[in-house]
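*Asks:* Here the sequence shown is numbered in my numbering, starting from 1 and rising by one per residue.
A few of these clues could be false.
[To be verified] Using 20 Å as the maximum straight-line C-alpha spacing, the simulated SDA-like pairs for lysine to any residue come out as follows:
(1) Lys242 x Arg90
(2) Lys301 x Leu288
(3) Lys98 x Pro395
(4) Lys148 x Ser185
(5) Lys70 x His392
[To be verified] What follows is a set of in silico ranges between Cβ atoms, one per label pair, in the way DEER data are often shown:
(6) Ser290 x Met167: 54 to 60 Å
(7) Ser396 x Ser46: 20 to 26 Å
(8) Lys112 x Ser168: 28 to 34 Å
(9) Met167 x His370: 33 to 39 Å
(10) Gly132 x Ser46: 21 to 27 Å
Source of the hints: derived by calculation from the structure; they are not laboratory data.
Even glycine gets a Cβ: it sits at the ideal position worked out from N, Cα and C.
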Amino acid sequence: MPLSRRSFLATAAVSPLVSPSLGLPSADPSYAADPARFEPWIEVDSAALRANVAVLWELAGGRPIMAVVKNNGYGLGIRAVARPLDADPRVSGFGVVKVAEALALRDAGVRKPILLLALFDAADGEELVRRGITLSLGVPDIGARVAKATTGAGRSARGQFYIDTGMSRMGLPYHTALPILRDLSRQPRLEITGMMTELAEEPEFDAEQVRRLSTLAAEARAAGVTTGPLHAASSHAVFNRKETLLDAVRPGISLFGAYPTDDGSERSIAALTVAFRLKARVVRVEQLRSGDTVSYGRRFKAESPTWVATVPIGHADGYPRSAVRGGQMLIGGRPYPVVGAVSASHAIVNLGAATAVKVGDVAIVLGPDHAAIHPNTLAGTTGISVYDVLMHLSPSLPRIG
Numbered sequence: 001m002p003l004s005r006r007s008f009l010a011t012a013a014v015s016p017l018v019s020p021s022l023g024l025p026s027a028d029p030s031y032a033a034d035p036a037r038f039e040p041w042i043e044v045d046s047a048a049l050r051a052n053v054a055v056l057w058e059l060a061g062g063r064p065i066m067a068v069v070k071n072n073g074y075g076l077g078i079r080a081v082a083r084p085l086d087a088d089p090r091v092s093g094f095g096v097v098k099v100a101e102a103l104a105l106r107d108a109g110v111r112k113p114i115l116l117l118a119l120f121d122a123a124d125g126e127e128l129v130r131r132g133i134t135l136s137l138g139v140p141d142i143g144a145r146v147a148k149a150t151t152g153a154g155r156s157a158r159g160q161f162y163i164d165t166g167m168s169r170m171g172l173p174y175h176t177a178l179p180i181l182r183d184l185s186r187q188p189r190l191e192i193t194g195m196m197t198e199l200a201e202e203p204e205f206d207a208e209q210v211r212r213l214s215t216l217a218a219e220a221r222a223a224g225v226t227t228g229p230l231h232a233a234s235s236h237a238v239f240n241r242k243e244t245l246l247d248a249v250r251p252g253i254s255l256f257g258a259y260p261t262d263d264g265s266e267r268s269i270a271a272l273t274v275a276f277r278l279k280a281r282v283v284r285v286e287q288l289r290s291g292d293t294v295s296y297g298r299r300f301k302a303e304s305p306t307w308v309a310t311v312p313i314g315h316a317d318g319y320p321r322s323a324v325r326g327g328q329m330l331i332g333g334r335p336y337p338v339v340g341a342v343s344a345s346h347a348i349v350n351l352g353a354a355t356a357v358k359v360g361d362v363a364i365v366l367g368p369d370h371a372a373i374h375p376n377t378l379a380g381t382t383g384i385s386v387y388d389v390l391m392h393l394s395p396s397l398p399r400i401g
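I would like the entire structure built from these sequences, with the hints used as guidance.
*Replies:* Now the structure itself:
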């Protein structure tokens, strides 16, 4: 029996899957200033990005920062976030997980090292080497892959040892890696620039993972293998695991002003600034009568005369369906609750018994301007991950920044 539209809306629980498209729409500041434009957009705040880099750099004791801008710059637009970060001397380089992202950074003029935190195939290897992308060395046959890529590109490659110390996701298992590291160290046209692992974000085990990485690095160095700097610490570790900081750190989401724990508990350690604003203009303002209802399934009912506003942003844009469980938007400096249902392209906010809101007013859906629209607030009140709040923002949204 086919699902009805109502049943689909009631039962669908999967956020939209967003491909990190790199043909991203861009817009100049006039886009935001044009009151005739009613599609949502994202503004990236370069000054806030740099302020967050400064905070993380201090927390990391002045260690170099590899800025992880994977998955389309955590949803904000990889080019928009990379340009200001590339200019910051505290940022030593970038980490991405898609070949297209690595190449897009080079196309955008990024000069600093770019580490591909993923495996590459033969078709991509030559181009990655030719463009100076640092390769992850994390599978047993990586030597042959690198040799083929460097031969085809006619130049040397840079690579970093990728070690699995207990996540069992990617990398060479730490207890069997040493012979492979020795073989790679003898390979012509390959310069080793680092050794890394990923942490499970569990206190005692994180410390054990760092011990495993450090032990392997010491054994490799004793065998004449150059390891380069060691790094493991994500945003979570920079805030919470000082013993994992090693030689460099690898934060991601906190560069953009979100705390790695959904409830934002790290704000008591150091203050970050949300480095973007998700905005849209109000397209409809209407007064409901007592008893009038809102959205599919009539999920909100006015108990008395109530003003509501329609904002043209929905789950197809990455704004979660669950925002009706406590999400708010800021209009004219005041937060208003989301009511009814978040549909594909629209959300409705309750303006109360009286309002000055009008069509064309800007609604700030996420941003730094009020605690109610902080990404961690939306995550905490709706029960979704703060990573989903950012990473599911649609690539089709214009980015200004």
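*Asks:* All hints, please: hold or fail.
*Replies:* Hint-by-hint comparison with the structure:
1. Lys242 x Arg90: Satisfied, since the Cα-Cα distance of roughly 18 Å is no more than 20 Å.
2. Lys301 x Leu288: holds (9 Å)
3. Lys98 x Pro395: Since the Cα atoms of lysine 98 and proline 395 sit roughly 15 Å apart, the hinted pair holds (cutoff 20 Å).
4. Lys148 x Ser185: holds (16 Å)
5. Lys70 x His392: holds (12 Å)
6. Ser290 x Met167: 54 to 60 Å: holds (56 Å)
7. Ser396 x Ser46: 20 to 26 Å: holds (22 Å)
8. Lys112 x Ser168: 28 to 34 Å: Holds, at about 31 Å.
9. Met167 x His370: 33 to 39 Å: Since methionine 167 and histidine 370 have Cβ atoms about 37 Å apart, the given range 33 to 39 Å holds.
10. Gly132 x Ser46: 21 to 27 Å: holds (25 Å)
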